[in-house]
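Peer 1: Here is how the chains run, residue by residue.
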Amino acid sequence: MRETLIESLGVTLYEETLDNGLHVALLPRPGFQQVFVTLTTRFGSTDQTVDVPGRGEAWVVPDGVAHFLEHKMFDMPTGDVFADFAKHGAAANAFTSFEQTTYLFSCTEDLTENTRILLDYVQTPYFTDASVEKEKGIIGQEIRMYDDNPDWRCFFGLLQCLYQRHPLRIPIAGTIESIAQIDTDLLYRCYETFYHPGNMLFFAAGGFDPAALLEVVRENQAGKAFPDCPRVERNLPTEPVGIRQGRNVAQLGVSQARCLIGWKDGQTGLAGAELLRQELLTGVILDTLFGRGSDFYHLLLDEGLIDQHFSWEYEASNSYGYTLLGGNTTDVDTLVGRVDETIESVIRKGLSAEAFERNVRKAMGRFVLGFDSPSGIARNYTAYWVKGVDWLDSLAVLNSLTLEEAQQRLAEHLVPELRAVSVIEPVSIATGA
Amino acid sequence: MTSFASFDDGRCSVHILRTAQFHTRHIHVKMTRPMRREQVTATALLPYLWMEGTGEHPSALELTRRSEALFGTVLQTAIGKRADRHVVEVYAGMPESAAEPDTLYKEVLELVWQVILNPATEGGVFPAGHVERQRSLHQKRIASVLDDKIQYAYERCLEEVSRDGPEALPRFGFVDDLETCTPTRLWQVYEDFLREARVHVYLVGPFADAKAEAERVLRLLHKAFPGAPDTFSPVHPLSPQGADERRVVEEQAVMQGKLNLGLRTGMAYADASYPALLVANGILGGFPHSKLFRNVREKNSLAYYASSRLDALTGVVSIQTGIEVSRYEQALAIIREQIEDLRNGRVDEQELEYTKLGLRNQYRVMLDQPMTMADLHFTGVLAGHPRPIEQLLHEIEQVSREQVIQAAESWQVDTVYFLKGRVQASA
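Those protein sequences? They're chains S and W, same order as listed.
First residue of the first sequence: 1, per my numbering; consecutive thereafter.
First residue of the second sequence: 1, per my numbering; consecutive thereafter.
Everything labelled a hint here was simulated from the structure, so no lab data went into it.
Any given hint could turn out to be false.
Calculated pairs, DSSO-like style, for lysine-lysine (alpha carbon to alpha carbon, straight line, at most 30 Å) [what the hints assert, rightly or not]:
#: 1; chain 1: W; residue 1: Lys140; chain 2: S; residue 2: Lys136
#: 2; chain 1: W; residue 1: Lys299; chain 2: S; residue 2: Lys87
#: 3; chain 1: S; residue 1: Lys134; chain 2: W; residue 2: Lys299
#: 4; chain 1: S; residue 1: Lys134; chain 2: W; residue 2: Lys420
Chain S regions said to be covered by chain W (calculated; three or more residues, Cβ under 8 Å) [to be verified]:
#: 5; region: 116 to 130
#: 6; region: 250 to 261
#: 7; region: 299 to 311
#: 8; region: 359 to 373
#: 9; region: 402 to 414
Each residue gets a CB set at the ideal place from its N, CA and C atoms; glycine is no exception.
Let the hints inform the model, and build the full structure from the sequences given.
Peer 2: Structural data, given as structure tokens:
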């Protein structure tokens, strides 16, 4: 078991890759009651084309299949796995995102039993025609719920503007039409392709003894046989440099217009430390320009153009990257114009060294504050692991960022040609009986 | 140490959790008084006005930069509502990793006092510019309650359930009141509030001497908040009315219908039967093993979410589901069946056991989340009946099947609320 002490945080990471390929990473927070445990596979909504060399032609899956599979994993030949967790006082859940599916539980007792339940159910595919059909109604309502969610709609509207072919455009849960095509055969095929331990991470954070927990995982895995790990090729379609369209507009029953302004990142193909550096650097730049402590934010609040929901985000992986910012607004076009002016002016005059430095320190402080949440640690660690990034290096990377590289990055990334706008317009709302 | 040590002086209390467990040191001030129609909007504006600037950092920008420069310290204010009480909150969280965490803590505490006691002024009242900006933002704050339909349906249903009481007042107040929220009037409400509020300060961190720190803070508080203990009575649950249930239907541009039920139980946090009430709600809809999830979602595929939650102070149980509009009658019938089953004692040992274990886990996790612990403590304060987590854990363990059935017996479905899409021309 490899031990890495992160001195600045006073925590140690324990790691081992088991014989079957499962990577185990453990981050104890001594004194915590809770243990937050995750089992993650690299299978997400962007895995649209599945290519396993030596196993026939590449095939295309219906939108939303990774998420559908996540739902159906909870069925066991013995019944519903929620009952097994409930018997040991654990709260279980799962989620699917662009590049991963994560199964999780949190518990304060019976860690050994709960860990075995997690490993066993995720490693037991059991699908029946009846249960697959039934799930379509449930996921149909989940999709309807997102249909009414303005943040979600605005976000996907933006991705659909920025990307021409990249499957980032696909809604994570798919559509009611696309999930209608899913059957048991397809779920088994996806399972066999993506759920080999060699494609997965077991991660835990919280109050536990790492040697003992590792032993539970090791023993459980040693009792199971797996075929060789399929080598999955991620055949992403070639994404053109440019964006698909400059604007997307949708109507919803909301109180006021909201908009997200986004930039497609031209700098993709990064991995590991380089990718982490790009993410953290871009985050500090955006916070400096548009954060709560920026001139921009307060000026626009004064003018009544935005409200306190205004925020920014940068997200990147090996094959994609995007910046987005926005929120509610009284005037979409004026807001877009003001954002453009601000970027142009900062590129011309240069970033303020004082503001940049302040926001680096702030990002470091906020990173440390996050370490009191085992669930937050687990979500971050796993999301970055999927991208091949060691998230625990963040403090060191933040500390080494320079104003010069920020200047350069700003000029390269936030260019008008790669910008799009997603708008949600309010439709009038009738209330009353 | 797993519970707050409390120190009181007049209408001020300091609750300290002395611990070296966390990377964050927390300061959370909760100031409360009963909600009143005529002051509800002005009071709701106060915490937002405070963030517009202080005497020393006279604009929102300067104040934000000051806190962020303190090693990324999070400084926030909010308006909350617990039963019929308005709660004005100020929170600060700072990293223990700072070179001198004790010095940082003193600086942040000083900043928190400035926010509450020394807001920026102009001619002895809040600056007109600050008031203008917050009035405009507050109007949007009130309007945007519409944007999250799940939350909207939840709040509308609760509002209907508590229709005649101050519990029905919205925590943000009313758009129509904003016109009267002038700098002068807001300042009067501010002074009223300082004069009247019951003040609770929660502190979490590795304090060398909890008592000494509490006394130091109480001395500061005493000067700003003089006077005797308040005479506010404890919060009481809403009692079942015995009248027929109400049906409320609202139409909006939505794809999914939101079917919510509000039940009055007549019991709440201070009652001896509260642990049984918690278990009863858990069996009905608190978990994935609960009746609602199993029957509405798993068995009948009617919804993605189907759950219930208990308000500890009003004792209202809120059932929430998101369904296809055309399945309203079917979903309602299944929900009613679950309530009836619970009331009629159709509860097996397994449901009881799993629910008690699930609740036990929820409360034990709180020991890692000092601000959630503070909220629970505050609930006990408002109810006039503190229950340390260890006690609650013990009480939950003791709950019997008979007690659960007894606790559910008096539940009354008060309101059936349905938010549905506009009728559309069919193809």
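Peer 1: If a hint holds in the structure, say so; if it doesn't, say that too.
Peer 2: Hints versus structure:
| no. | hint | verdict |
| --- | --- | --- |
| 1 | W:Lys140 - S:Lys136 | violated, 37 Å |
| 2 | W:Lys299 - S:Lys87 | holds, 21 Å |
| 3 | S:Lys134 - W:Lys299 | holds, 8 Å |
| 4 | S:Lys134 - W:Lys420 | holds, 23 Å |
| 5 | 116 to 130 | violated (count 0) |
| 6 | 250 to 261 | holds (count 6) |
| 7 | 299 to 311 | holds (count 6) |
| 8 | 359 to 373 | holds (count 11) |
| 9 | 402 to 414 | violated (count 0) |
The structure fails to meet hints 1, 5 and 9 from the earlier list, while all remaining hints are met.
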